Each structure stands twice: as C-alpha cells, then as structure tokens.
Amino acid sequence: MRHLLSISDLTKVQAISILDTATELARVSDGAVKKLPTLRGRTIVNLFAEDSTRTRISFEAAAKRLSADVINFSAKGSSLSKGESLKDTALTLQAMGADAVVIRHSASGAPQRLADSDWMTGSVINAGDGTHEHPSQALLDAFTIRKHCAKGGVDLDGIRVAIVGDILHSRVARSNVLLLNLLGARVTLVAPPTLLPVGVESWPVKISYDLDKVIGNVDVVMMLRVQQERMNDLFFPNTREYSRYFGLNADRLKLMSHDSIVMHPGPMNRGLEITAEVADSARSVIVEQVANGVSVRMAILYVLLAGGPLESGGK
Amino acid sequence: MSLALSAPDITRALTRISHEILEANTASDQIVLLGVPTRGAHLAVRIAASMASIAGHAIPVGMLDITMHRDDLRMRAPRPIMPTSIPSCGIEGRDLILIDDVLFSGRTIRAALDALGEIGRPHTVQLAVLVDRGHRELPIRADFVGKNLPTSITQSVKVHLSEVDGIDEVSIEES
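The listed protein sequences derive, respectively, from chains B and H.
In terms of my numbering, the first sequence has 168 at position 168, counting the first letter as 1, and numbering is strictly consecutive.
Quick note, my numbering runs 315 ahead of the 1-based positions in the second sequence.
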C-alpha cells in the first residue's frame, strides 16, 4: 500500500491491521517517552489548502511521535493563496524531498490527482477532499467504536450506528459508511431529505427521516456538523427547526440505550446539531476521538512509510 | 531439511537455561524475563515456569515488541506490530533477561536494547536464546544458549513451538 486516498482502497484485513497497529501504538501515547525512532529521517509535508485544527495537529503529532520531520504548509501565508497550481506546489514538495504528503483540499479528487500524477514520488494521504472522503477520520471513528462496543471483537460485526445530520456535504459520512460496512456494522443515515445526496438509495445503509425512531435502537450515534460554509442554498427552514428535529439534546440522550456512545468528528456547532449538555456528558467520546486520532494516524504513517519499496519478506 | 532439536531436546535446553540463569543471578527475586514476540515470548513463559519450580517463587515475565526500533524496516514490507506487556513490578533496577528463539545478526537484540531504554533502566541486561546460529553483524553475544548451531549463511533456521505451531522442533532448511 503506497497511498491512502479512499476507504474503498482498503481490504477488510488491511483495515483491521491498521486498527490493531493503532491499538499497540496507543501505548506509546500513554507512556513516559512519547517517541519512537521508526520514521527518523523521513519528511512528511502537511499540505492544508483548507482550514483544519484537529486533523492537521493530529497528523503533526503522529509524525513527530514517530520521529519524522514535519513541514506544515497551509493555504494562508503560502503561494497557494497567490494562485499557484497544485502541480507547481507538488513539484516544489518533490524537489524538497517529501516522503509523504498529507493533503486537505476543497476540491474532491485533489489527492487522487496528486497520486496518479508523476509530479512526486512520495506517498499521498487524503486528509479530507471536498465532499468526497476523509479516510483517516473514518479509521479513528472505527477504532473508537471498536474500543467501546465490539466487546473484544476484531471487527464491528452487528454494531448499529446512526449517522445523523448533514450527510450531503460530509466526507466523513462517506468514508464512514464505506468503512463501517466493510467491518460489518449496520449503518442508518438520519437526515432531512434535502441533506441526503443523490443516489443514496444505492449505498449499503438504511435511511430514516425520524431521529426519535432510530435513536433507541443503536449502539453509536454519530452527529455531523451542519456545514454552513458549503451551503449556498436553503436546505432547511431555519436552525431552530433543524435542532428540534435532528439535534441531539438531553431529552433524546435519555432515549438512547445505556451503553451507547455519542460521537462527533468536530468541529461542533454547539446548540445546533448537538447541545453543550450532551457534548460534555459522560456518554460523549468526542474528546477521546481526538486522542485516538493520533494513534490511528501513527498507524497509517507506519503502514505507508515504514516498509521499504519492495514487497519482499522472509527472515 | 534436517532436524536440529527435537521436542525433548528443547525441553532439556530450556531447563538447563533456567538453572544457569538462577546460578548467575543469586538474587532470584530481582530477575525479570522479557521475551521477544512471537516465539521468544512463549519461550520466556516456559523458562519462567521452569525457574519458578526451581527457585520456589514466581518469576515476573512479559514481552517486548521491538518492531518500531528495527534498523531494517525500510528493507522489506511493513511488519505487523506485536503486543508489549511489562510485568507490574517494572524493570527499573532489576536483572533483566531478554529471551529470543534464534540469535543471528544481533540486530533484533540491538533493537530490543533501544526499546528497553524507553521503559526503564535495569541493573543488568542478559540474553538467553534457544539457538545461536552465528553470522553476527554486531558486537552482541548471548549469556545463555540452548544450542550452538553452526549454519551457512544461505540456510534458514526454523523454530516451531507447540503454542503457535502445534509441535516443538528446530530444523535447518536450505533455501
């Protein structure tokens, strides 16, 4: 495996192996010395052409804990804001000897373009492209779900997950649907019809427009951010109505089964899709998702970068 | 393929190593065993049980994964990471015995010494191996050896243990 562009590139065995590796690497984050020498001398570039807090610092922390050199590169304050093309940026990174590029871009498919081109020889890791995919987020969500709900199982067989909210604009939802399905979980999407993408009927999911009917019968409720910056049209009458029908509040939390968990990929719109009371409740694993993100991203970097160019084995 | 050690040979070698470790470390309550996964970890459990019956008290035993500290990671496909478990007493100030199945280039043991540095500072670190097949690439030697097995560099030594392979046996294969 050289790139991580989409969950659809992964087999079930590969996905589970990344989660297992992350479980072992979580030990490092808990230990006194939070550093391994594994990627010493490798250069990883964080190329963020779109804003991010969690994903960028998470990849940065992951790379640094594996002793790689990290170069951060964001659209603001770089030549990207002067209109430099992706190709010229990639050629620059290649000339600087980047072994991997972690890319976030507002255009769906930008990481694919980078990986398919001969502009650079390093690995490409998709850290979120437009409304397409966000594979590392899906892997850390699966890791968190496995830890809380799988009862020692290696996959997510039979675990019921509701993904609630702005599915239309959500790359997190797309990657999660693919990965959860690959690992055997049963996914229900809950959203107003306006926030479901065209062709959603062909996805391997159930669809509901009524959160109250779904919420009592799932192990995981994953709330999605309402992406107002991508909404150039009216998708619901007003935010108060959206909150009333699709927001997670204390009353709905009471309907959930006692060992279920609440997730959110962040950043949250407190008061819109989730109330502060629920976000800070004991049922919420939102902060833990961030911590798990570092372990999972270490595992991704390890799997893509630690091995040599040849797929040879033997002692 | 030729058989180098049979099941009774392996048991005898491990019993002898157990006695030798206790002989060399008079403060037997300070000993901690750490096996290198996969097979070294199983050997460590066996040696700990054998030492416990000789010394009359339990010997702390754990396992130490060294994958992330290898210097040859870039030369082959990524290896899976194995679990590490350190006994609750820790390794600080203890007499630590590293246990592996085959001692070959010495690079695994170098990596293990690096990995230990992150966990603590033992009083001494000693090395016990079931088979020493020669061809060292680093200045490393074993303190306790089950069997010295002269091999040519092209041969490979296969260790089978009943815990993982269903059978106890060491063989030499031509590659």
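Just so you know, these hints were derived from the structure itself, not from any lab.
Being a predicted model, the structure only gives us computed values, none of them experimental.
Misleading hints may appear alongside valid ones.
Claimed, not checked - A short, non-exhaustive set of chain B residues, derived as facing chain H with CB atoms under 8 angstroms:
#1 Ala26
#2 Trp203
#3 Leu211
#4 Lys213
#5 Ala306
#6 Gly307
Stated by the list, open to error - Computed Cβ-Cβ distance ranges for the label pairs, DEER-style:
#7 Asp210/B with Val360/H: 52 to 58 angstroms
#8 Lys82/B with Ser400/H: 40 to 46 angstroms
#9 Ser400/H with Gly158/B: 28 to 34 angstroms
#10 Glu407/H with Gly77/B: 54 to 60 angstroms
#11 Asp69/B with Gln470/H: 21 to 27 angstroms
#12 Asn217/B with Gly405/H: 52 to 58 angstroms
#13 Ser8/B with Ala392/H: 19 to 25 angstroms
#14 Ala342/H with His258/B: 50 to 56 angstroms
Positions of the beta carbon are idealized from the N, C-alpha and C atoms, including for glycine.
Query raised in the report: Holds or violated: Trp203/B as interface residue toward chain H, Cβ cutoff 8 angstroms?
Result: violated, 31 angstroms
Query - Asp69/B paired with Gln470/H, Cβ distance criterion 21 to 27 angstroms - result: violated, 40 angstroms
**Report entry** Assessment of proposed distance window 50 to 56 angstroms (beta carbons of Ala342/H, His258/B)
**Finding:** With a Cβ separation near 51 angstroms, Ala342/H and His258/B satisfy 50 to 56 angstroms, so the hint holds.
Query raised in the report: Is 54 to 60 angstroms a correct range for the gap between the Cβ atoms of Glu407/H and Gly77/B?
Result: violated, 47 angstroms
Requested in this report: Can you let me know if the beta-carbon spacing of Lys82/B and Ser400/H is within 40 to 46 angstroms?
Outcome: violated, 53 angstroms
Query raised in the report: Is the interface hint for Leu211/B satisfied, with its Cβ closer than 8 angstroms to some Cβ of chain H?
Result: Where the cut-off is 8 angstroms and the nearest Cβ of chain H is about 40 angstroms from Leu211/B, the hint is violated.
Query - Interface hint compliance - Ala26/B to chain H, C-beta minimum distance less than 8 angstroms - result: violated, 11 angstroms
Report task. Take a look at whether the Cβ-Cβ distance between Asp210/B and Val360/H falls inside 52 to 58 angstroms. Result -> Once the Cβ atoms are compared, 55 angstroms apart, the range 52 to 58 angstroms for Val360/H and Asp210/B holds.
Query raised in the report: Per the hint of 28 to 34 angstroms, is the separation of the Cβ atoms of Ser400/H and Gly158/B within bounds?
Result: Check passed, 29 angstroms falls within 28 to 34 angstroms.
Report task. Let me know if the C-beta of Lys213/B comes in closer than 8 angstroms to any C-beta of chain H, holds or violated. Result -> Violated, about 42 angstroms.
Query raised in the report: When the nearest CB of chain H is found for Ala306/B, is that gap smaller than 8 angstroms?
Result: Holds - the Cβ of Ala306/B comes within 8 angstroms of chain H, reaching about 5 angstroms at its closest.
Query raised in the report: Can Gly307/B be said to touch chain H, with a Cβ gap under 8 angstroms?
Result: holds, 4 angstroms
Hint compliance for this structure: hints 1, 2, 3, 4, 8, 10, 11, 12 are broken, all remaining hints hold.
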